[in-house]
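Listed in order, the protein sequences are those of chains E and X. FYI, the numbering for the first sequence is 1195 to 1369, going by our numbering. FYI, the numbering for the second sequence is -13 to 552, going by our numbering.
Worth double-checking, as some hints may not be accurate.
[Said to hold, decoys possible] In silico lysine-lysine, BS3-like type, Cα no more than 25 Å apart, as pairs:
{"#": "1", "chain 1": "X", "residue 1": "K530", "chain 2": "E", "residue 2": "K1255"}
{"#": "2", "chain 1": "X", "residue 1": "K280", "chain 2": "E", "residue 2": "K1364"}
{"#": "3", "chain 1": "X", "residue 1": "K134", "chain 2": "E", "residue 2": "K1364"}
{"#": "4", "chain 1": "E", "residue 1": "K1223", "chain 2": "X", "residue 2": "K326"}
{"#": "5", "chain 1": "E", "residue 1": "K1258", "chain 2": "X", "residue 2": "K176"}
{"#": "6", "chain 1": "E", "residue 1": "K1255", "chain 2": "X", "residue 2": "K176"}
{"#": "7", "chain 1": "X", "residue 1": "K134", "chain 2": "E", "residue 2": "K1223"}
Derived from the structure by calculation, the hints contain no laboratory data.
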Amino acid sequence: MNKEYIVIAFTENQIGVLNRITACYLRRKINIESLKVSESSIKGISMFVISAYTTEEVVSKLVKQIRNIIDVIEVKYYNEDELITQEIALYKISSKLFKENGRVEAITRHWNTRIIEFNPQYVVLEKTGTREEIEELRAELERGGLLEEFTRSGSVVIHRDSIEEILQNKIDSNV
Amino acid sequence: MANKQRVKGAEALLMSLIAEGTDIIFGYPGGQVIPIYDHLYDYKDQINHILTRHEQGAVHAAQGFARVTGRVGVCMATSGPGATNLVTGIADAMLDSTPLVCITGQVPQTLLGTDAFQEADIISMTMPITKWNFQVTSASEIAGAVAKAFYIAQSGRPGPVLIDITKNAQVEEVDFAYKPCIYLRSFQPKPEFDPALAEKAVEMINRAEKPIILAGQGIKLAGAEQALIEFAEAGNIPVAQTLMGISSVANDHPLCVGNLGMHGNVAANEMTQHSDLIIAVGMRFSDRVTGDLKTYAPHAEIIHVDIDQAELNKNIRVALLVHADAKDALEAFKVGLKYKDRTAWFAFAKDKAALEDKLVISCSADPEGKQITMSEVVQRLAVAEKSDAVIVTDVGQNQMFGARYSRFNRTRSFVTSGGLGTMGFGLPAAMGAKLGVPDREVVCIMGDGGFQMTMQELGTIMQNRIGLKMIVLNNNYLGMVRQWQQLFFDRRYSFTDLENPDFAVIASAYGIPSRRVTEPCDLEAAIAELVDAPGAFFLEVIVKREENVFPMVPAGASLSKLIFNE
Ligand SMILES: Cc1ncc(C[n+]2csc(CCOP(=O)(O)OP(=O)(O)O)c2C)c(N)n1
Ligand SMILES: [Mg+2]
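Turn these sequences into a full structure, and let the hints guide you.
So this is what it looks like as structure tokens:
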């Protein structure tokens, strides 16, 4: 059954690793929903967070192939509920509507958004939350014909157990 | 660490290669590697550079060298078209786990990304077909990159790596000091062997009545030939080989039941289907071995030993995964192993072999004996070479006859393009093989189609006096495709017949002694002439046009659905 799987990989900070990892998805014609690369809490080691819809069988094989990439130190896949995941989204609304439509203020308060820019043309709201929360707010604004533009980040995740500790142990024990 | 020496990057490259034990490079020069070639001129006494006639020849030669010696093959090409000409061989080496270090020149760093003359992004192009690749843009990176390249190419499951060196890095000066790479924190080439797995495996093996060992190329790569035989003998377990595993066990060993897969032996395939325990070692359950997965080995539990964790549970779900080096595992499996008679199981093997003999081997494709058949050529060659030659094949029917009827008495003696099935592989790979084991007899078996894909390498053979024996099985067809057309496409021979030149004359033009035979009565003498020739010899054999390779498991069909004739 297709569902969302999140692959987390820790790699050497080397040019080309990104391509090698995405090529594993490409070969199997799996579309990447979101991808984020950043430095992990250990200096010189990058952390990849990749989400894609596929089956457990495929993702388990994919992860083994990613593990074979020379610069990959550790890689695992997770169900969404094994991770604490947050995304950040920005919503642009015309200032005119923002001021005139009586519902906007209530919506923004209800959804816990923050105004990060307010000028005569438009207002930019920011919201942090789960993918579902972000999508719900988007739907609500769209229904009201309020939304002009929308963008969201990939997932920022943290594991319920400490994976970085496992990683550090692995690096230490290899030395 | 060696004393530091101030040298140019190009020289640092050669010194690094020498430090890794390289004494032969297959290559082709061009604008962006001229500095390296300039230094090669001074290193002739330490590095034998073989100038091929095409970069594809260089990479296949490096593969052939690596496959027979177990050492890393090194090839070199210039940027752009030189580099792209290596691509097929690199892909081939990736699928067949062949350790290669490929070196390409690249435009100067300042021109990268500008569509400069002969710039090709070979790093991106070879990313999915290399185990690792790296672009060097400064001389100071060269020694480190070469060290890492050799370490990665030959550790764990071997494979090709590529180093792309910009021209500026070749001409800059650097303080050279070489330190081999022995460890990378992100790469664990050899898994630690878990003794508990051996215990579990032995328990399963001791329980089994009809076990069979499937030996793949991993046996050769791990140097586990002896361990395999000792294990098999200790448990009295039959051994079947994959195409890539051929020659890891001598054909005349009583436990050897032949080859697996599409054109394998009836016994090996049928035993897979009747076995209660498969012990697969250093093989990857390729679709050419398994046929239809749903009906594969229906009664067997499977123990899969592989050094590559990504192969475990990839194509087939198995009962016991053993992520290990083949030799470690086989040595451990011997402990506590029970010897069983298995009289009925070996009788089954014998029956199936007899069936194959009756339906295929002893019934000539040309019963009237008017024409020479490919199977006859290979069988006669095996006898004439006393099972002692290295056999290199091209791809197609010639390859399958080569695999079926050649005989081997020692390992690393059969070289073929298994995973990629690259026509044109044979001649250059055989050339590299002969240079790798100059004291052994090396014979290349080719088809008329594949020979013409890389036949320019006759020039390399001539220039370097490579004592290679060559046989072209000329059926004037792209025979294997024609066979499929005959069997599955209503004999519609769409674009598979070839009008050919007189190949023996071409060989003669290169100064290579040659002979062309058309009559069955001349075959034996012609093969004797080839075997006895002191140097290179080229034999063209005109064979029956429509001979087919049998038995055959049609693509995607069950292993139990063997076909024996048209
Ligand atoms: C580079 C390449 N192109 C195409 C094929 C497909 N192919 C496989 S076997 C074959 C026919 C080979 O003909 P020939 O070399 O004459 O050998 P024969 O089968 O007749 O022995 C072809 C075209 C291939 N394997 N490799
Ligand atoms: Mg042919």
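Quiz prompt | In rising order, the numbers of the hints this structure does not comply with | solution = 1, 2, 4 and 7
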